[in-house]
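Visitor: If you read the protein sequences in the order shown, they are chains A and B. Take 1 as the starting number for the first sequence in my numbering and just add one per residue. Take 1 as the starting number for the second sequence in my numbering and just add one per residue.
No incorrect hints appear here.
A partial selection of chain A residues facing chain B, derived with a Cβ cut-off under 8 Å:
| no. | residue |
| --- | --- |
| 1 | Tyr43 |
| 2 | Gly45 |
| 3 | Gln81 |
| 4 | Ile102 |
| 5 | Asp104 |
| 6 | Ser162 |
| 7 | Met165 |
| 8 | Leu189 |
| 9 | Gly191 |
| 10 | His200 |
| 11 | Glu202 |
| 12 | Ile208 |
| 13 | Phe213 |
| 14 | Tyr232 |
| 15 | Tyr242 |
FYI, nobody ran anything at the bench for these hints, they're computed from the structure. Built from N, CA and C at the ideal position, the CB exists for glycine as well.
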Amino acid sequence: MATKAKGKASGKKSSETRLIPIYIMGKKYEVPETLTILTAMEYAGYRHIRGCGCRGGICGACATVYRLSGEYRLKFGLACQTVVAPDMYLAQIPFVPANKAIYDIEKLTPDINSIGRIYPDLYRCLACNTCSKACPMGISVMDYVQALLKGDIAGCARLSHSCTMCGICALRCPAELQQFHMAMLARRLYGRYLQPRARHLEKRVKQIKEGKFDSMMDAIMSLNNHELKRRYARREWEPESYENPDWQPEETKYLILD
Amino acid sequence: MAEGQAIGYPPGLKELIQAVEHTRPERLARVKANQHFPRLTRKEGEKVLKSYHPDYKPGGRRKLRVGANKSEILANEVADLLESYSRIDPDAFDDRLKKPDYETDVLILGGGGAGAVAALFARQNGLRVVIATKLRHGDSNTVMAEGGIQAADRPFDSPYHHYLDTMGGGHFTNNPYLVKALTMDAPLIIRWLEDLGVMFDKDKAGNMIELKGGGICRRRMHSSADMIGAEIMRVQRDEIRNHPKEIQVLEFSPAVELLIDETKAVSGAILYNLETREYSVVKARAVIMATGGFGRLHIQGFPTTNHYGATGDGLVLAYRAGVPLVNMRYAQYHPTGTVFPEQNFGLLITEKVRTLGAQFINMHGQEFAHPLEPRDVASSCIIRECMERNGRIVTPTGHYGVWLDTPMIDLLWGKGTVEKELSAKYLQFKRYGIDISTEPIIVYPTLHYQNGGLEINEWGATRVPGLFAAGEVTGGIHGDNRLMGNSLLDIHVFGRRVGIKVSEFIKARKKGKRLSLSHLRSYHADLRKTGVKTKRVAPILLPDYVHRSAPACPHKF
Ligand SMILES: Cc1cc2nc3c(=O)[nH]c(=O)nc-3n(C[C@H](O)[C@H](O)[C@H](O)COP(=O)(O)OP(=O)(O)OC[C@H]3O[C@@H](n4cnc5c(N)ncnc54)[C@H](O)[C@@H]3O)c2cc1C
Ligand code: SF4
Ligand code: SF4
Ligand code: FES
Chain A
1 MATKAKGKAS GKKSSETRLI PIYIMGKKYE VPETLTILTA MEYAGYRHIR GCGCRGGICG
61 ACATVYRLSG EYRLKFGLAC QTVVAPDMYL AQIPFVPANK AIYDIEKLTP DINSIGRIYP
121 DLYRCLACNT CSKACPMGIS VMDYVQALLK GDIAGCARLS HSCTMCGICA LRCPAELQQF
181 HMAMLARRLY GRYLQPRARH LEKRVKQIKE GKFDSMMDAI MSLNNHELKR RYARREWEPE
241 SYENPDWQPE ETKYLILD
Chain B
1 MAEGQAIGYP PGLKELIQAV EHTRPERLAR VKANQHFPRL TRKEGEKVLK SYHPDYKPGG
61 RRKLRVGANK SEILANEVAD LLESYSRIDP DAFDDRLKKP DYETDVLILG GGGAGAVAAL
121 FARQNGLRVV IATKLRHGDS NTVMAEGGIQ AADRPFDSPY HHYLDTMGGG HFTNNPYLVK
181 ALTMDAPLII RWLEDLGVMF DKDKAGNMIE LKGGGICRRR MHSSADMIGA EIMRVQRDEI
241 RNHPKEIQVL EFSPAVELLI DETKAVSGAI LYNLETREYS VVKARAVIMA TGGFGRLHIQ
301 GFPTTNHYGA TGDGLVLAYR AGVPLVNMRY AQYHPTGTVF PEQNFGLLIT EKVRTLGAQF
361 INMHGQEFAH PLEPRDVASS CIIRECMERN GRIVTPTGHY GVWLDTPMID LLWGKGTVEK
421 ELSAKYLQFK RYGIDISTEP IIVYPTLHYQ NGGLEINEWG ATRVPGLFAA GEVTGGIHGD
481 NRLMGNSLLD IHVFGRRVGI KVSEFIKARK KGKRLSLSHL RSYHADLRKT GVKTKRVAPI
541 LLPDYVHRSA PACPHKF
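Taking the hints into account, I'd like the entire structure generated from these sequences.
Guide: The following block contains the structure:
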């Protein structure tokens, strides 16, 4: 692709860094080619208020839409995770209008009817796959929507786990679904109802409430610093499970075994 | 996805990787035989800390001249923050304070995890809540947490061991009462999260799949792939939005000053709308400070893992109101910040990578430290390896670090483990043509966590009536060095405790009549009296990266 780099000395980056032209909302700026959209905007003089959160690809604040000069495709990405390219025309999406439904998670049943009642737009999916193509996390959005349609809440929960809730899928959907809110509900139903509860955890909560650890805690809190340090240095180390799955602790005085 | 070039490691680095590959089979065999690089003894650990930890060295710090911690030696960046004037002129607010824009039972400053938990419990106790936050609800350090959350809930583990690990990790400078609360409440918290519908990594029977972490003697880390923070944060945000009548969220509205009443109890705050640039006054019967950490102050010039809004605002606001700071001497530098690709500079590589078996390897292919030393010790070992032992790897742009040998993970646990257990990290590197399941990563310490902060008691109350605090903004729980998985835990334990306690406080509290900024006036007077000559204002709210980039590694060769 033709570049219009001018090699203007910037004094801010090492002289090897090539400057390339990008267009922020139509206005041209020359920026180092190694920057992400997020940092290129700052280099150009923008101070982010919206459109910038974690700066690390997980919060979904920085949804950005862009097109490369001469290309027909409209592309989407996270500004903090997308490197600029020559002749990139871009605009950040400051906010995605979407309606999160209100529900009482304790009163729901983990089935498709719950989700279909709360988000009836689910049934409008045309299976066009536009959403999956746009998702900056590489999630098969259509597949998780289709999983829901088949009543597979666990499948939807697992497929959507890395969703940042950036909302790009919902902006792209021709059937106007709000996929990421449905997936949110699916994950909560899965976590609360469908994944089996941790019984060892329940037991431990009960032991604590019954005061079974109180005397151990009193004992360790009454130690002088010297003795505390000694015990710390002599802790018995549990191996990782790949090392010795059948490990048994030698010291059991501060455990509750049954 | 990633639009630009940057396809994988350049030839020079690829060549260096060969040395890592060369020693890998032998290292693998040793790990499988349960033979590890020896951990440093406490004395040896202290020695590396003294020589290489960025905050143990002299320099970069100075004596504070004002407030409750006067005369204490703090990082220049923290001292700068505290020795600053307000963004507002108190006189300009005399009239506005008479007509608050909002009135509520509890005002929570900060919409991260600590704020969310406090809000949910305050609501449960019948209170009306306003959460004011700087960016969007959930744009926080919480959402970024990758590795896990601790709780001693397996039969071969107990709060006793959790307590011991936490105290030792903090070099025994922690407040024991806070550590007791932390470790004893932990299982309860995980249970509460299960009820909310958080997806944890479990086996088929529902048992939690738990791993170890640096300085932790039992498997105790609960996870959700490598994005436990995002999973927890989005569930809590979803739950808060299920209660719009009782919990109101004001986004892009950071607090710039606390308000007190005639009895000197904290009674509200002044917010600043970042978009309209207008101020508003909130009157509340109690305030909870949950503004998180200070990574974006770039202590000692380090890059950071923290979110955009982590500028330590809560420290200076509460300090002006009279709350002392504890354990503020040493910041936490996480051993494994990304060095290459440059676009991800300073971003975190979760400790889970090492709990799964990745090792620290120098340029010559040699392992040089136990993978799970406490964080401050591990960071110091890396700095030593780079500065003194000639083990550093240098990138084409002159940055340096050591290898983190991630391909060990699939070799130990089976193919596909990296992609499944570290899905977010895997994608983050894949975007730049690096497959971390077969290629190692270059890492160097990065500023990660505040460690200390506002003094609180075991119910999250500060010394100033009406002001509570929870989360990274507080100090004393972790002493001088926090362990992995204890911070997500503390925001829950103390978020919950504050949410419960605040309702008791409010019931007993006398109704204040007059809002005032008199504490700010006296702080300003103090600054002038002690001869602090500066035009600095704080809180800074957002870091300034205009026309430049965020800092890279400060160590020069
Ligand atoms: C990359 C990363 C990975 C981590 N991984 C782990 C892990 O695996 N396990 C673990 O236990 N811990 C981990 N931590 C630490 C942990 O995530 C944080 O310490 C913890 O979540 C802090 O929670 P918080 O609610 O106190 O602060 P935050 O979650 O940061 O929330 C504070 C909120 O307050 C807002 N705010 C700031 N200033 C103001 C103001 N003036 N007015 C109003 N609002 C304001 C912020 O914008 C933010 O939304 C990690 C941290 C990072 C950065
Ligand atoms: S599924 Fe939708 S909301 Fe989630 S990351 Fe992908 S595009 Fe964004
Ligand atoms: S874009 Fe909308 S209609 Fe198309 S597959 Fe995705 S959810 Fe279905
Ligand atoms: S700023 Fe959070 S995803 Fe980009």
